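Chemist: Okay, here's what each chain looks like letter by letter:
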Amino acid sequence: MTPKFSIRRALLGTALYLLLALAIKKLGPLYLAPETVLRLGGMWIAVPVIVFANALPKSLVPLDRATCDPAIVQAMRRFVARALVLGGIGFVLAYALAPVAIANSLAASLLLIALIAAIVRVVRTVRRIA
Amino acid sequence: MTSIFKALADPTRRQVLQMLRAGPMGAGALAEAFDVSKPTMSAHFAVLVSADLIEAEKSGRTILYRLKMSVLEEALMDFAQVFGLQVTSETPTMPGRIRAKEKS
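Heads up: the sequence lines are chains P and E, in that order. Each residue of the first sequence is one higher than the last, beginning at 0 in numbering that gives the first Met the number 0. Each residue of the second sequence is one higher than the last, beginning at 0 in numbering that gives the first Met the number 0.
Read the hints as simulated data drawn from the structure, not as lab findings. Treat each hint with caution, since some may be false.
Within a straight-line C-alpha distance of at most 20 Å, the following computed EDC-like cross-link-like pairs (lysine to aspartate or glutamate) qualify [as the list claims (entries may be wrong)]:
{"hint": "1", "chain 1": "P", "residue 1": "K57", "chain 2": "E", "residue 2": "E54"}
{"hint": "2", "chain 1": "P", "residue 1": "K57", "chain 2": "E", "residue 2": "D77"}
{"hint": "3", "chain 1": "E", "residue 1": "K37", "chain 2": "E", "residue 2": "E73"}
{"hint": "4", "chain 1": "P", "residue 1": "K57", "chain 2": "E", "residue 2": "E56"}
{"hint": "5", "chain 1": "P", "residue 1": "K24", "chain 2": "E", "residue 2": "E31"}
{"hint": "6", "chain 1": "E", "residue 1": "K5", "chain 2": "E", "residue 2": "D77"}
{"hint": "7", "chain 1": "E", "residue 1": "K5", "chain 2": "E", "residue 2": "E73"}
{"hint": "8", "chain 1": "E", "residue 1": "K57", "chain 2": "P", "residue 2": "D63"}
{"hint": "9", "chain 1": "E", "residue 1": "K57", "chain 2": "P", "residue 2": "D68"}
{"hint": "10", "chain 1": "P", "residue 1": "K57", "chain 2": "E", "residue 2": "E31"}
{"hint": "11", "chain 1": "P", "residue 1": "K57", "chain 2": "P", "residue 2": "D68"}
{"hint": "12", "chain 1": "E", "residue 1": "K57", "chain 2": "E", "residue 2": "E73"}
Far from chain P, by Cβ distances over 12 Å, these chain E residues were calculated [to be verified]:
{"hint": "13", "residue": "F4"}
{"hint": "14", "residue": "L19"}
{"hint": "15", "residue": "E31"}
{"hint": "16", "residue": "F44"}
{"hint": "17", "residue": "R60"}
{"hint": "18", "residue": "K67"}
{"hint": "19", "residue": "V81"}
{"hint": "20", "residue": "F82"}
{"hint": "21", "residue": "G83"}
Quick caveat: nothing in here was measured; it's all calculated off a predicted structure. The C-beta atom is built at its ideal place from N, Cα and C for all residues, glycine as well.
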């Protein structure tokens, strides 16, 4: 099977992401309220987290290269991916719905909780394997 | 995306995906859980592989299947499971053993 992801595609995606972020920052204030620009900018930050976490369980290591029980690694990947996707969605929702004064702190806290949960699970899995 | 919906629309294939959540399984072990012929089961596997929901890997003489679902795809599957999405127009018949389990 041919790989779906190429460096060219990744660079193009990154350029597009940065371009849109720049557009929100530079063009946003011309057409939108400052609060909306802030919310859009915040929501845009979490997009790569959601996209990459969503695709995490799809990248598999060939079984002949596996150094431990593939079922354990699969369970860990699924948990980490779900935690980060939920954290990312929480981040987006916090920026979209919470009052601007607390949106940043709330969004960061939600993503941090997800990140900590993911790290804890990885550490526990590594300890279990070792 | 259409291939994913097509793959998730069949209860047998969803059952296969549920079983693979526990870890990689051989084609034989998976087929044993269903009262369907081997060619039918192979057809189900082929649909799942073409939708990129599972991956087949040869291990000696057996073929091992592994789950290859994104978070969104898993959420779609759970949604289909809960709301009983069943579009079985071009899919083989539902296995008796699973059907009996769902009735009880």
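Chemist: Look at each hint and say if it fits the structure.
Modeler: Hint by hint, here is what the structure shows:
Between P:K57 and E:E54, the direct Cα distance comes to roughly 9 Å. Compliance with the 20 Å bound is thereby established for this hinted pair. Proposed proximity of P:K57 and E:D77 is supported: the alpha carbons are some 17 Å apart, at most 20 Å. For the given pair, E:K37 sits about 26 Å from E:E73 by alpha-carbon distance, which is inconsistent with the 20 Å threshold. At most 20 Å may separate the alpha-carbon atoms for a hinted pair to count; P:K57 and E:E56 meet this at roughly 14 Å.
The straight-line distance between the Cα atoms of P:K24 and E:E31 is roughly 58 Å, outside the 20 Å bound, and the hint therefore fails. Of the supplied pair hints, the one linking E:K5 and E:D77 holds, its CA atoms being roughly 15 Å apart against a limit of 20 Å. The suggested pairing of E:K5 with E:E73 holds, with an alpha-carbon distance near 14 Å, which does not exceed 20 Å. Pair hint E:K57 plus P:D63 holds up; C-alpha atoms about 10 Å apart against a cutoff of 20 Å.
Under the criterion of a C-alpha separation no larger than 20 Å, the hint pairing E:K57 with P:D68 is consistent with the structure, at around 17 Å. A hinted pair counts as satisfied when its Cα atoms are at most 20 Å apart, and P:K57 with E:E31 does not qualify at roughly 26 Å. Taking the CA atoms of P:K57 and P:D68, the gap is near 17 Å; set against the 20 Å cutoff, the hint holds. Proximity of E:K57 to E:E73 is assessed by CA-CA distance (about 25 Å); at most 20 Å being required, the pair is judged violated.
Non-interface call for E:F4 relative to chain P: holds, since the shortest CB-CB distance, roughly 17 Å, exceeds 12 Å. The claim that E:L19 lies off the interface is violated: its Cβ sits roughly 9 Å from the closest Cβ of chain P, which falls inside the 12 Å cut-off. For E:E31, the condition that its CB be more than 12 Å from all CB atoms of chain P holds, with the nearest at approximately 18 Å. Residue-level check passed: E:F44 sits 15 Å from the nearest beta carbon of chain P, beyond 12 Å.
With 12 Å as the threshold on Cβ separation, the claim that E:R60 sits away from chain P holds: the shortest Cβ distance comes to roughly 14 Å. Residue-level check failed: E:K67 sits 5 Å from the nearest beta carbon of chain P, not beyond 12 Å. Against the 12 Å criterion, E:V81 stays outside the reach of chain P, whose nearest CB is about 17 Å from its own CB. In this structure E:F82 is separated from chain P by more than 12 Å, as the shortest Cβ-Cβ distance comes to about 20 Å.
For E:G83, the shortest C-beta to C-beta distance to chain P comes to about 23 Å, beyond the 12 Å cut-off, and the non-interface label holds.
Violation of the numbered hints given earlier is confined to hints 3, 5, 10, 12, 14, 18; the remaining hints are satisfied by the structure.
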